[in-house]
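Listed below, chain by chain, are the residues.
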Amino acid sequence: MPSVIETENLTKIYPGGVKAVDNISFKVEEGEIFGFLGPNGAGKTTTILMLTTLLKPTSGSARLCGYDVTKEPDKVRNCIGYTPQDIAVDEDLTGRENLRIHTVLYHMPRDEADRRIDEVLELVDLLNDQHRLVDDYSGGMRKRLEIAEGLLHRPKLLFLDEPTLGLDLQTRTQIWEYIEKLNEEHNVTIFLTTHYMEEADLLCDRIAIIDYGKIVALGTSLDLKDQIGGDVVEVKLFETTPVTEKLSEALKGSDFVKNHVVSPDRLTLNVFVDRGETAIPKIARSIADAGLVASSISLMRPSLDDVFLKYTGRRIREEKAPAEEFWRLRRTIRRARA
Amino acid sequence: MIREALAICDRELKHWYREKIAIFMSLIQPLIWLGLFGNTLGNAPQLFLNVLGAPNYLSFMTPGIITMTVLFTSLFAGMSVIWDKRFGYINKLLVAPISRTAIVGGKMMAATIRGVFQGFIVLAIALFLGVTIDTGILGLVLIFVITGLFGLGLASISIAAAASMKTHETFMAFVNLINLPLMFLSNALFPTTFMPTWMRTVASVNPFSFCVDAVRTLMIGSLDWTRIMFDVEALAIFTFITTSLGIMLFRRATR
Chain Z
1 MPSVIETENL
11 TKIYPGGVKA
21 VDNISFKVEE
31 GEIFGFLGPN
41 GAGKTTTILM
51 LTTLLKPTSG
61 SARLCGYDVT
71 KEPDKVRNCI
81 GYTPQDIAVD
91 EDLTGRENLR
101 IHTVLYHMPR
111 DEADRRIDEV
121 LELVDLLNDQ
131 HRLVDDYSGG
141 MRKRLEIAEG
151 LLHRPKLLFL
161 DEPTLGLDLQ
171 TRTQIWEYIE
181 KLNEEHNVTI
191 FLTTHYMEEA
201 DLLCDRIAII
211 DYGKIVALGT
221 SLDLKDQIGG
231 DVVEVKLFET
241 TPVTEKLSEA
251 LKGSDFVKNH
261 VVSPDRLTLN
271 VFVDRGETAI
281 PKIARSIADA
291 GLVASSISLM
301 RPSLDDVFLK
311 YTGRRIREEK
321 APAEEFWRLR
331 RTIRRARA
Chain C
1001 MIREALAICD
1011 RELKHWYREK
1021 IAIFMSLIQP
1031 LIWLGLFGNT
1041 LGNAPQLFLN
1051 VLGAPNYLSF
1061 MTPGIITMTV
1071 LFTSLFAGMS
1081 VIWDKRFGYI
1091 NKLLVAPISR
1101 TAIVGGKMMA
1111 ATIRGVFQGF
1121 IVLAIALFLG
1131 VTIDTGILGL
1141 VLIFVITGLF
1151 GLGLASISIA
1161 AAASMKTHET
1171 FMAFVNLINL
1181 PLMFLSNALF
1191 PTTFMPTWMR
1201 TVASVNPFSF
1211 CVDAVRTLMI
1221 GSLDWTRIMF
1231 DVEALAIFTF
1241 ITTSLGIMLF
1251 RRATR
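These protein sequences, in sequence, are chains Z and C. Just so we're aligned, residue 1 is where the first sequence starts under the working numbering, counting upward by one. Just so we're aligned, residue 1001 is where the second sequence starts under the working numbering, counting upward by one.
Hints may be right or wrong, so weigh each one.
Claimed, not checked - Residues on chain Z that point at chain C, a partial pick, calculated with CB under 8 Å:
| # | residue |
| --- | --- |
| 1 | 52 |
| 2 | 53 |
| 3 | 54 |
| 4 | 77 |
| 5 | 88 |
| 6 | 92 |
| 7 | 101 |
| 8 | 105 |
| 9 | 106 |
To be verified - Far from chain Z, by Cβ distances over 12 Å, these chain C residues were calculated:
| # | residue |
| --- | --- |
| 10 | 1036 |
| 11 | 1041 |
| 12 | 1053 |
| 13 | 1120 |
| 14 | 1135 |
| 15 | 1182 |
| 16 | 1198 |
| 17 | 1200 |
| 18 | 1225 |
| 19 | 1230 |
To be verified - Pairs of lysine-lysine residues, derived as DSSO-like cross-links and limited to a Cα-Cα distance of at most 27 Å, are as follows:
| # | chain 1 | residue 1 | chain 2 | residue 2 |
| --- | --- | --- | --- | --- |
| 20 | Z | 282 | Z | 246 |
| 21 | C | 1085 | Z | 71 |
| 22 | Z | 236 | Z | 258 |
| 23 | C | 1085 | Z | 19 |
| 24 | Z | 75 | C | 1085 |
| 25 | Z | 75 | Z | 156 |
| 26 | Z | 156 | Z | 181 |
| 27 | Z | 27 | Z | 56 |
| 28 | Z | 310 | Z | 19 |
| 29 | Z | 56 | C | 1166 |
| 30 | C | 1085 | Z | 56 |
| 31 | C | 1166 | Z | 19 |
| 32 | Z | 71 | Z | 56 |
| 33 | Z | 156 | Z | 27 |
Keep in mind the hints are simulated off the structure, nothing from the lab. Quick reminder that beta carbons are idealized off the backbone N, C-alpha and C, glycines included.
Here chain Z stands alone, though its shape is the one from the complex (with noise of 0.2 Å):
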């Protein structure tokens, strides 16, 4: 059985010299949810483009299904599902519309395409507002039929690029509710691109974080986090006693200690160790030792933000702006528009 993606060195260097994903080689197995993390600009949605044949790679291959993305472009894409990170629906059709046309560019006989738009309207919740136009659905309403599109014609891998960019958290745990039960229900493999830790957390059986084009660490959630090791102890210090060079120097000395990383601003401090539960007493003395004083030593599991700390040195940014800034924009066009 080939793996439903295999890349190989795949890279794209754009006009300028930009090198926007940068050797990546990777294996997507059938039947996982495969997370692709990391902050805006990662490379994320050209990967995307070049494994949905929409972005020619500038070296390196490609495989979907087992067939290749420049070679046999056709044979991808009636393998493959995509929801692209813009909401593209045409707000001037309405839902079923929207569909009816999708079903038409998958070749699905008539009475096949009537049916399986029910289905799908119904999976997403929009039955009851098929009829109306998209341009009076919400931000959720449309990238929920966004996907509903990306799902008509069965794929058995479906592309979901930021499926949750700009939505509201009760709108986002609905979505994830439905790319669970895609995946498990209907056996979709699903590849999704996020730069939201949480998301990839709770939904991808596999992860790759990807920073600057690059493929720095890949596993499951949990073998990431193994990585890291053990636990983290969380130390907040008092504004008026900072993290001084004294306690960085006892802590690099001890050793239980694996690592530290202190915040910017010197008041918080992450240890990572391997039993957080005998480091405490130990990180508290070293604190007192220091002549500093702790408001609160907490423990926590590592998260993926640490692993994405521990490989690039920085934090993945939970940026809003942009879905903000695409709205207005969109709403712009659509005044000049008319």
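Given chain Z's structure and the hints, the job is docking chain C onto it.
Structure of chain C alone, referenced to chain Z:
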């Protein structure tokens, strides 16, 4: 392939006929041409009308205004390509297992239908104002075919241009660059015999002129097959070239 093209065409037409105000607005300009400009020569001397070979100036210019309406409408075909790029809809079409030719063909079809339809509304208004079609029903059918051929040619030029453009500003600049010259360097408003030689030369190879000439022959002439077939052949060559170019450039731009 035909089915997919029809679905894409259907989408374009839905956008169009749901914007009833836009359709109405687009008819105001031809109305002004017919109602105002058509009447500015209302007292023209008989000698002038003899040169035109028309009972009145309105009858002479109506074929020009019909063709102009087809021009202004079909030349906007590329706009939908630009919008689809902007909103990312084009990616959905491109990721589907369909031929690129079906995508571009559907859009050309829709723009042609729009052009012909708008042209026919103008014709209906002109008939209401007293203009006649001397060749009757057959003439009407032929006008339909001829304006359709011309509309398809224009829609193709438009899509060929839009294939590589990113913004609607650039596209509008392109449309404004070619629409008025195409119209004024033709026989739309006056006979080309009034023009200086260089202009007459340009007008005689302008596809716009062929469309006007054919429609005019049918409206204020007779079934002069030699003349009509000459015009139709010229338009067919023009449309064949632009359609091939449109399909080729669109395919190249989207690989």
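Consistency of the hints with the structure:
With 8 Å as the threshold, the beta carbon of residue 52 of chain Z comes within range of chain C, its nearest partner Cβ sitting at about 5 Å, so the hint holds. Of the supplied interface hints, the one on residue 53 of chain Z holds, with its beta-carbon coming within about 7 Å of a beta-carbon of chain C, less than 8 Å. For the restraint placing residue 54 of chain Z at the interface with chain C, the shortest Cβ-Cβ distance is roughly 6 Å, inside the 8 Å limit, so the hint holds. For residue 77 of chain Z, the suggested interface contact is upheld, since its CB lies about 4 Å from the closest CB of chain C, less than 8 Å.
Taking 8 Å as the C-beta cut-off, the interface hint given for residue 88 of chain Z holds, the closest approach to chain C being about 4 Å. For residue 92 of chain Z, the interface hint holds, the least distance from its beta-carbon to any beta-carbon of chain C being 5 Å, beneath 8 Å. Because the closest C-beta pair between residue 101 of chain Z and chain C is about 5 Å apart, less than 8 Å, the hint holds. Annotation: interface hint on residue 105 of chain Z holds; nearest CB of chain C at approximately 4 Å, less than 8 Å.
A least Cβ separation of about 6 Å between residue 106 of chain Z and chain C falls short of the 8 Å threshold, and the interface hint therefore holds. Even its closest Cβ contact with chain Z, about 28 Å, leaves residue 1036 of chain C beyond 12 Å, as expected for a residue assigned away from the interface. At roughly 38 Å, the least C-beta separation between residue 1041 of chain C and chain Z is larger than 12 Å, which holds for a residue marked as non-interface. Remark: the non-interface label on residue 1053 of chain C is consistent with the geometry, its nearest Cβ contact in chain Z lying 44 Å away (cut-off 12 Å).
For residue 1120 of chain C, the condition that its CB be more than 12 Å from all CB atoms of chain Z holds, with the nearest at approximately 24 Å. Once the 12 Å rule is applied to beta carbons, residue 1135 of chain C is consistent with being away from chain Z; the minimum gap is 39 Å. Residue 1182 of chain C, annotated as away from the interface, keeps every beta carbon of chain Z farther than 12 Å; the closest lies near 26 Å. No Cβ of chain Z comes within 12 Å of the Cβ of residue 1198 of chain C; the nearest lies about 40 Å off, and the non-interface call holds.
In this structure residue 1200 of chain C is separated from chain Z by more than 12 Å, as the shortest Cβ-Cβ distance comes to about 41 Å. For residue 1225 of chain C, the condition that its CB be more than 12 Å from all CB atoms of chain Z holds, with the nearest at approximately 41 Å. Its beta-carbon lying about 40 Å from the closest one in chain Z, residue 1230 of chain C satisfies the requirement of being farther than 12 Å from that chain. For the hint pairing residue 282 of chain Z with residue 246 of chain Z, the CA-to-CA distance comes to about 15 Å; that is within 27 Å, so the pair holds.
As the CA atoms of residue 1085 of chain C and residue 71 of chain Z are separated by approximately 24 Å, the hinted pair is consistent with the 27 Å bound. With a C-alpha separation of about 19 Å, the suggested pair residue 236 of chain Z and residue 258 of chain Z falls inside the 27 Å cut-off, and the hint holds. A threshold of 27 Å between alpha carbons decides the hint, and for residue 1085 of chain C with residue 19 of chain Z the separation of about 23 Å falls inside it, so the pair holds. As the CA atoms of residue 75 of chain Z and residue 1085 of chain C are separated by approximately 24 Å, the hinted pair is consistent with the 27 Å bound.
Only pairs whose Cα atoms come within 27 Å are accepted, and residue 75 of chain Z paired with residue 156 of chain Z is accepted, the gap being roughly 12 Å. For the suggested pair residue 156 of chain Z and residue 181 of chain Z, the alpha carbons sit about 14 Å apart, so the restraint of at most 27 Å is met. Simply put, residue 27 of chain Z and residue 56 of chain Z have alpha-carbon atoms about 19 Å apart, close enough for the 27 Å limit, and the pair holds. At most 27 Å may separate the alpha-carbon atoms for a hinted pair to count; residue 310 of chain Z and residue 19 of chain Z meet this at roughly 23 Å.
Simply put, residue 56 of chain Z and residue 1166 of chain C have alpha-carbon atoms about 19 Å apart, close enough for the 27 Å limit, and the pair holds. At roughly 17 Å between alpha-carbon atoms, residue 1085 of chain C and residue 56 of chain Z fall within 27 Å of each other, so this suggested pair holds. A threshold of 27 Å between alpha carbons decides the hint, and for residue 1166 of chain C with residue 19 of chain Z the separation of about 23 Å falls inside it, so the pair holds. With a C-alpha separation of about 11 Å, the suggested pair residue 71 of chain Z and residue 56 of chain Z falls inside the 27 Å cut-off, and the hint holds.
Our distance criterion of 27 Å between C-alpha atoms is met by residue 156 of chain Z and residue 27 of chain Z, whose separation comes to about 15 Å.
Checked against the numbered hints listed earlier, the structure breaks none of them; every hint is satisfied.
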